[in-house]
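Asks: Could you put together the complete structure from these sequences and hints?
There are 2 protein chains.
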Amino acid sequence: MFPIRKSMSEKPLILVTNDDGIHAKGLRELVEVIQFFGDIVVVSSETSMSGKSCAITVDHPLRAVPVERILGVPTYRSNGTPVDSVKLSFNGLLNRKPGYVISGINHGTNASISVIYSGTMGAAIEGSLHGVPSIGFSLDDYSRDADFSKAKIVVAKVFQSVLENGLPPFTCLNVNIPKGKPKGIKLCRQAHGKWVEEFEKRTDPHGREYHWLSGYFKNFEADALETDMYALDNNYASVVPVTTDMTCYKTLSQIKDWKF
Amino acid sequence: MFPIRKSMSEKPLILVTNDDGIHAKGLRELVEVIQFFGDIVVVSSETSMSGKSCAITVDHPLRAVPVERILGVPTYRSNGTPVDSVKLSFNGLLNRKPGYVISGINHGTNASISVIYSGTMGAAIEGSLHGVPSIGFSLDDYSRDADFSKAKIVVAKVFQSVLENGLPPFTCLNVNIPKGKPKGIKLCRQAHGKWVEEFEKRTDPHGREYHWLSGYFKNFEADALETDMYALDNNYASVVPVTTDMTCYKTLSQIKDWKF
Numbered sequence: 241m242f243p244i245r246k247s248m249s250e251k252p253l254i255l256v257t258n259d260d261g262i263h264a265k266g267l268r269e270l271v272e273v274i275q276f277f278g279d280i281v282v283v284s285s286e287t288s289m290s291g292k293s294c295a296i297t298v299d300h301p302l303r304a305v306p307v308e309r310i311l312g313v314p315t316y317r318s319n320g321t322p323v324d325s326v327k328l329s330f331n332g333l334l335n336r337k338p339g340y341v342i343s344g345i346n347h348g349t350n351a352s353i354s355v356i357y358s359g360t361m362g363a364a365i366e367g368s369l370h371g372v373p374s375i376g377f378s379l380d381d382y383s384r385d386a387d388f389s390k391a392k393i394v395v396a397k398v399f400q401s402v403l404e405n406g407l408p409p410f411t412c413l414n415v416n417i418p419k420g421k422p423k424g425i426k427l428c429r430q431a432h433g434k435w436v437e438e439f440e441k442r443t444d445p446h447g448r449e450y451h452w453l454s455g456y457f458k459n460f461e462a463d464a465l466e467t468d469m470y471a472l473d474n475n476y477a478s479v480v481p482v483t484t485d486m487t488c489y490k491t492l493s494q495i496k497d498w499k500f
Numbered sequence: 241m242f243p244i245r246k247s248m249s250e251k252p253l254i255l256v257t258n259d260d261g262i263h264a265k266g267l268r269e270l271v272e273v274i275q276f277f278g279d280i281v282v283v284s285s286e287t288s289m290s291g292k293s294c295a296i297t298v299d300h301p302l303r304a305v306p307v308e309r310i311l312g313v314p315t316y317r318s319n320g321t322p323v324d325s326v327k328l329s330f331n332g333l334l335n336r337k338p339g340y341v342i343s344g345i346n347h348g349t350n351a352s353i354s355v356i357y358s359g360t361m362g363a364a365i366e367g368s369l370h371g372v373p374s375i376g377f378s379l380d381d382y383s384r385d386a387d388f389s390k391a392k393i394v395v396a397k398v399f400q401s402v403l404e405n406g407l408p409p410f411t412c413l414n415v416n417i418p419k420g421k422p423k424g425i426k427l428c429r430q431a432h433g434k435w436v437e438e439f440e441k442r443t444d445p446h447g448r449e450y451h452w453l454s455g456y457f458k459n460f461e462a463d464a465l466e467t468d469m470y471a472l473d474n475n476y477a478s479v480v481p482v483t484t485d486m487t488c489y490k491t492l493s494q495i496k497d498w499k500f
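Those sequence lines, one after another, are chains A and B.
Just remember that this note's numbering sits 240 ahead of the position in the first sequence, which is counted from 1.
Just remember that this note's numbering sits 240 ahead of the position in the second sequence, which is counted from 1.
Treat the hints as calculated values from the structure; they're not laboratory data.
Note: identical chains are not told apart, hence a pair may lie in one copy or across any two.
BS3-like, lysine-lysine: derived pairs with alpha carbons at most 30 Å apart:
1) Lys-458 - Lys-426
2) Lys-434 - Lys-490
3) Lys-458 - Lys-490
4) Lys-434 - Lys-337
5) Lys-426 - Lys-490
6) Lys-496 - Lys-434
7) Lys-496 - Lys-251
8) Lys-490 - Lys-423
9) Lys-426 - Lys-496
10) Lys-499 - Lys-397
11) Lys-499 - Lys-423
12) Lys-419 - Lys-397
13) Lys-265 - Lys-423
14) Lys-251 - Lys-499
15) Lys-251 - Lys-392
16) Lys-441 - Lys-251
17) Lys-390 - Lys-419
Here the structure is a predicted model, which means the values were calculated and not measured.
Replies: Laid out in structure tokens, this is it:
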């Protein structure tokens, strides 16, 4: 379908990464299912990079060292963000270019507007910029010991479709999976919503104020059947194609007569 | 033009922030020009947050304290990312909600794909999610003592247009300004391009390898007149409307028959 985006190699190298860090259960579970599709290398951070978006590290150098293999797979620990790990993997860290970038499985969803804050999706977006099919997977369960058994079936199905069909250039997939047994998998668009913050103000033992970020997600179109949030709310996994072109073409046409 | 997006107050509160940190010349220059348009408050980080994208801080609490005023304007120093600073400003830090978020003036451009990595644009995108017209400004000069005198005229003109016309919901502007005297201001779309990384590998005094991120920008459509890169390359300032909907609708329609 998108032939130039498919790997030419029989056994592609698949870069597996995440934003929850190298010790996360979701990473190990992702390796467990992806290993059936090709050679794997894992490059992930020592600590959690949750919420790191497409952040890159410019003020200090990056280090990536081989560490104990996850499920027998070559594994590198990086001190960078998810995007840094992908960039390093395509530039000098590995002796073979990855043919795919698979990120996750995130502990917690990255549907709707969360795509812009997500380190999981940052890695997938970066993968697409390196010209290879890339997917971010997230499970609607924030717990450390979440049950990924059903999620892994979704991962296998979606990845199989991408292996067979490729993906168009500079586009990746944002896949979100409900808790429990999904009823199926739906292609969706990003729901229109936002996080309503409720910072919790506290005072430290020295009398100084600090703020903890918290809040809840507000869906502006809860009844829109074609959205990722609607799919998740109805126990379907959602697949949203994500672009790297952030131009708002509608606004561009609306404001074309502005005089500066 | 977009009446509900205009501030109802005669003298709106304008949040000024950036990603180069509170000591950057570009921030002070932005305050200098924006102060003519309303009441200003500055919330920015102590250190550089360059390349922080839309990153948020979830693993430690945020602090924001009043510090010495910049040009007489109330100024807060935050320990968070640009997006954190905007979130805090709308949630408890200030006793009045900002009517506009203006970010910059960044030392260096954020045109084309740089929009996804930019902390300057992270702040503007976050502002738009809080329902107020938001703009990120960047100058094509990375030097610490860059000359912002001509850039400030572009800032004034673009902000005046936004004051008069408003902006549609969940859309902000990415404004990039060439070095020297711009020939004019052009509405554009994001150019299709990417950064080609060239990590520089070094060895520390302890014999361990580390990698410095460097590289160059590659424009895939250098002749496309309607792009921000073309405008900049021809000494025009570029204005690109930026959306928070990252769905790739073209791909969505292309892959609608995929069976999972």
